[in-house]
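Please model the complete structure; the sequences and the hints are all you need to start from.
4 protein chains.
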Amino acid sequence: MEKFRFLTSGESHGKGLTAIIEGIPAGFEIDINEINKDLQRRQSGYGRGGRMQIEKDNVEILSGVRFGKTLGSPVTLFIENKDFKNWEKIMSTKMEDFTEEKSFSKYRPGHADFAGSEKYNQKDLRNILERSSARKTAIEVAVGAVAKQILNKFSISCYSEIIQIGNCADKKDFHSEIDKAKEFGDTLGGKFEVVFSNLPIGLGSFVHWDRKLDGRIAQAIMSIPAVKVVEIGENPLGYKGSEYHDQMFLDNGKIVRKTNHAGGIEGGMTNGENLVIKAVMKPIPTLKKPLNTVDCIKMQETEAHFERSDTCAVEACAVVAEARIACVLANEILLKFGGDNFEEIIRNYQK
Amino acid sequence: MEKFRFLTSGESHGKGLTAIIEGIPAGFEIDINEINKDLQRRQSGYGRGGRMQIEKDNVEILSGVRFGKTLGSPVTLFIENKDFKNWEKIMSTKMEDFTEEKSFSKYRPGHADFAGSEKYNQKDLRNILERSSARKTAIEVAVGAVAKQILNKFSISCYSEIIQIGNCADKKDFHSEIDKAKEFGDTLGGKFEVVFSNLPIGLGSFVHWDRKLDGRIAQAIMSIPAVKVVEIGENPLGYKGSEYHDQMFLDNGKIVRKTNHAGGIEGGMTNGENLVIKAVMKPIPTLKKPLNTVDCIKMQETEAHFERSDTCAVEACAVVAEARIACVLANEILLKFGGDNFEEIIRNYQK
Amino acid sequence: MEKFRFLTSGESHGKGLTAIIEGIPAGFEIDINEINKDLQRRQSGYGRGGRMQIEKDNVEILSGVRFGKTLGSPVTLFIENKDFKNWEKIMSTKMEDFTEEKSFSKYRPGHADFAGSEKYNQKDLRNILERSSARKTAIEVAVGAVAKQILNKFSISCYSEIIQIGNCADKKDFHSEIDKAKEFGDTLGGKFEVVFSNLPIGLGSFVHWDRKLDGRIAQAIMSIPAVKVVEIGENPLGYKGSEYHDQMFLDNGKIVRKTNHAGGIEGGMTNGENLVIKAVMKPIPTLKKPLNTVDCIKMQETEAHFERSDTCAVEACAVVAEARIACVLANEILLKFGGDNFEEIIRNYQK
Amino acid sequence: MEKFRFLTSGESHGKGLTAIIEGIPAGFEIDINEINKDLQRRQSGYGRGGRMQIEKDNVEILSGVRFGKTLGSPVTLFIENKDFKNWEKIMSTKMEDFTEEKSFSKYRPGHADFAGSEKYNQKDLRNILERSSARKTAIEVAVGAVAKQILNKFSISCYSEIIQIGNCADKKDFHSEIDKAKEFGDTLGGKFEVVFSNLPIGLGSFVHWDRKLDGRIAQAIMSIPAVKVVEIGENPLGYKGSEYHDQMFLDNGKIVRKTNHAGGIEGGMTNGENLVIKAVMKPIPTLKKPLNTVDCIKMQETEAHFERSDTCAVEACAVVAEARIACVLANEILLKFGGDNFEEIIRNYQK
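Protein chains in written order, with this note's numbering: chain E, 864 to 1214; chain P, 864 to 1214; chain V, 864 to 1214; chain H, 864 to 1214.
Since the hints were derived computationally from the structure, they do not count as laboratory data. Only a predicted model underlies this, so the values are computations on that prediction, with no experimental measurement involved.
Pairs of lysine-lysine, DSS-like flavour, derived with a Cα cap of 30 Å: (1) 1121/P / 1161/E; (2) 1043/P / 1103/E; (3) 986/P / 932/V; (4) 1103/V / 1152/H.
With beta-carbon atoms standing in for the labels, derived distance ranges: (5) 1032/V / 958/P: 42 to 48 Å; (6) 1018/H / 1020/E: 54 to 60 Å; (7) 961/V / 1115/H: 33 to 39 Å; (8) 1210/H / 1018/E: 54 to 60 Å; (9) 923/P / 1032/V: 47 to 53 Å; (10) 1015/V / 965/H: 42 to 48 Å.
Cβ coordinates follow ideal geometry from the N, Cα and C atoms, glycine included.
So, in structure tokens, the structure goes:
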């Protein structure tokens, strides 16, 4: 059921991040500047650490596009890790370059370090950190930016906003909340909302569990590093049936609703209202003020490894969430309208 | 990446519900009584309507098992709809039996009726209701019960409990809360928790977004009808980094934690702690006290169609959630330990 | 990329064969008689053994269809094994019915017995035979018959014919060739051709290896029990480039070809010419005149087990091949024309 | 069921070819020289044209490997198109670089040009040629070379050989056969064989059609550009059952066969004998001595476009076939032995 399918790759300090997207029809214009804008948005939230200044991500298209338009063949996106020049030896693919520089063995609680090292049988936890790092979401944002451009052709747009940072639900105090945490070497999570508008009715389906759009979106969001809670629409906790469901009315012969508790999804399908997704991100687990942990080589209690990090990345997380949802929706749109080239798809869409 | 894959089918008042599970290794004993027990649990929660008395679901195994053990071939499960005898003509597959009896055209807000009828071009909303009904979760529970039996061979067990019903978070008042809602013709949702214990470290992975176990579980849970919120572990909202992450200590040379905020998942993998999933179910959208809606044939405002329903199905939802998570985990276990027959798998497991 | 996806199940002497097809849009009329006709064709070829008289397969639709039309929900097909009444105890799913009656331990060369018993750790080879039997192709024919009906809506039709039986390439001598083999307790294979007409241009694709239509068809055909050779179009062995390729001409402004060596596929896509697939089936490996083999329990040389069998099943194999190709093509057609219901799909098709 | 999954991308004259392989366990040593050797083999067959001198393919590993060993994260392979410097403007991804230089509109019979331009709505046939070109098989060879290295850890090896070129089945005359064709501006196909040795018993399965190893291999081979015929083992045409099947004997308590007509596959599974695959490649459809065709813009009869090409590429095709089969087998091996890191897998293997 994947018409828009993709694989991503790349380590945090390796040569770069790559994605191959297979299934984009021919004849779509891809605007590389729009991709780069989302990459900037991902990097520019308040609370990000020093690396954001080094990288300034830019995407390169390696295949699948000619003279600005897709060919129907797989589209390859590449984001160079500009920091790689400082890591060439440490992250070398060659056996002869082996070095223990920058290796570490102190598990960072909340990260993949412990379970990852058990699973993949690694003692140098850098071998886990490098891929489990949220760095990889940069290329997911790039893929999602392509998906968004596809959605735009169908007049579908999106935005996101931060609802809460740490304990603070008042937007004007977000910066000071982050400053305070930074001062104490601590980190903050938060809650955000993503909204997609103008979706056609009937994306997703109830007919089989793995076609339900809410389930697919939940997977996409919960698989973003640090997300622990996903909500579709209004959290129904405490509502009665008579209060929660979005009643239907006629307005000049058109069916309308006065509420959107369902968040745009009924029966696992878009219902024509705005699609509203909320998620809670946990505080970043890399702390200057280190947590108690264990050294996996010495098998002694110690303090966790600290690698350059951010205080708060909720804004970035929201940008990633937009991207991830856009991929799910682009797949549904391409399945719905069929067609192998843009002209054909638009004809089917405009009927 | 699906080693344990399955398709389900069946309408609410059709002949029955079927599932084919492909990928169970040979030599597993399947205990049909254990499947039936979960089917009973699904039906027996307080607040269920009259149909639960009619059905008394029992599963039949149609293939893939001989003398109590799996053959390695696809396992077919079938649950007869005992009510079908009253619906034979209404739900007939034959064109010549066409009847408008029990057809309806008044959208039920909160259900698949509206979006489903648009998507599948149906005016008789029964053609939507029949598959979008939560009835189909019975066969998902049966599939999950098989998955649980696989997990049991690896000493993995699970339970679930209700945390909140409507506005009430006190277990001893759940029944009266439901009685009250029923009296008013209203319905209630609620929150529940599912816990799996004794999972091996390293199920799932961070290496690619669609391998993250939290994402896969979130999809499984959010695709259960009426679920709107999924949480993995403790909701991090308001926690600082220094408070949330589960620090690691040594206890007689063994790594231990004193908290489990992560709910057993770090970096998209099991970390050896209990897997803790919470979800919020919306109140059932079929209300005796009907909601405002629109008739899709007359295109007039009206009151929603009422079809025999429950007041509260949170307990059933928790049983379905156990089943759905069990399927995700069984797949991971089978991938991890390889092997084509039980003896081989257990050898790999015990090393 | 699977919009038309399905799982099948069932043992040769179990209760029956089941298939669940997920992904058929709503509003398709399914003619059950057409399915049964293909089931009869599969059973009626010259050279089939006694079982064909027992079974007289008929399909039952258990879900996904109401009043003759698909609902969009999964379609379940079931074919009862009429012989099951004689096998109830031998093929029981219950542990307490264990019996060694009809068990066997003499590997049949050419069958799955040897590798299957190693893989699934079975000593009673019936546990392998029951699923590896070609009996399971009956339900594949039923699924394919549904796919053919979908294709018919797009004016696509198919037929197959036998090219060679044993050493005989002259149709009028096929029966006597089979009679001769039967007399000697031997079996025959043969070669057949399947042709699909009126396919739209551009099904399949060259953009990624797993989208190539020739590859998908080759998998479908080679996975039919006993098929060892698959050819798309004319076998090119011995042709020069200047001879083989189908040159293009204009005829009243329309592009035409005078040859179809390519068998209707260029670049992994349909090119508007007839799709021509040939396959060679090996002789049935269950022989009255038994082969040398080994007994897996006694570990002694012996003669192979004989279970009621056919002399020649090439006609049946061709019917299965039609079905299997039809499934591949229906998937491509549904992807190409998009849409969730028949009316929408036909609108897209007719533009 | 794909544990070893990958996507490839890249145009013939674009920047390069990329593959992302997801699913390789951690701790495998990848030898880049071995990959490059297969790339050289692909380029060095007798009968290749001038481009082979330009490219001298070398692979670069962009991710997933550190200090010579896999990390468990996706492995990215990249092969630069060294010719790209001459094509930068013609193959530019940027709209402003649009040029008609090297565009063409004369369909080449036997290629994807005609069906591809219809499907993807292109008038410049270069937009089809660039991806449909067999150039893309270079990266498939690289992926397969990684798969082969995985297989080598399990002592599985492979080789291929050419059986026939054009009409010539005598190896010592292959070169002169090719020279003759070249002289006339013609092209030749041929037949080759690939053999894998030391496979464990029971890869693949009969339990569901899409698990059959012969079907999966047939897809892999038939999806190689220009392959029209796939054979598993000995073509059974003309054999009787009593002649074809590989009888089983005991030799010092070990089961042995004296023949391998089955080509190592019974019941869709490896049976412990050598896996033998044959395929026929059609003559290359790009001919110096051009074929009759149609110009898709002028809609006039004309002669086909000629782009630098080879006379015979059967040797290359055999190398690609090795690679493609190796991918199928590596997937099966990884599923069979489970495990997430090499040490664990080898433990399971050595039991």
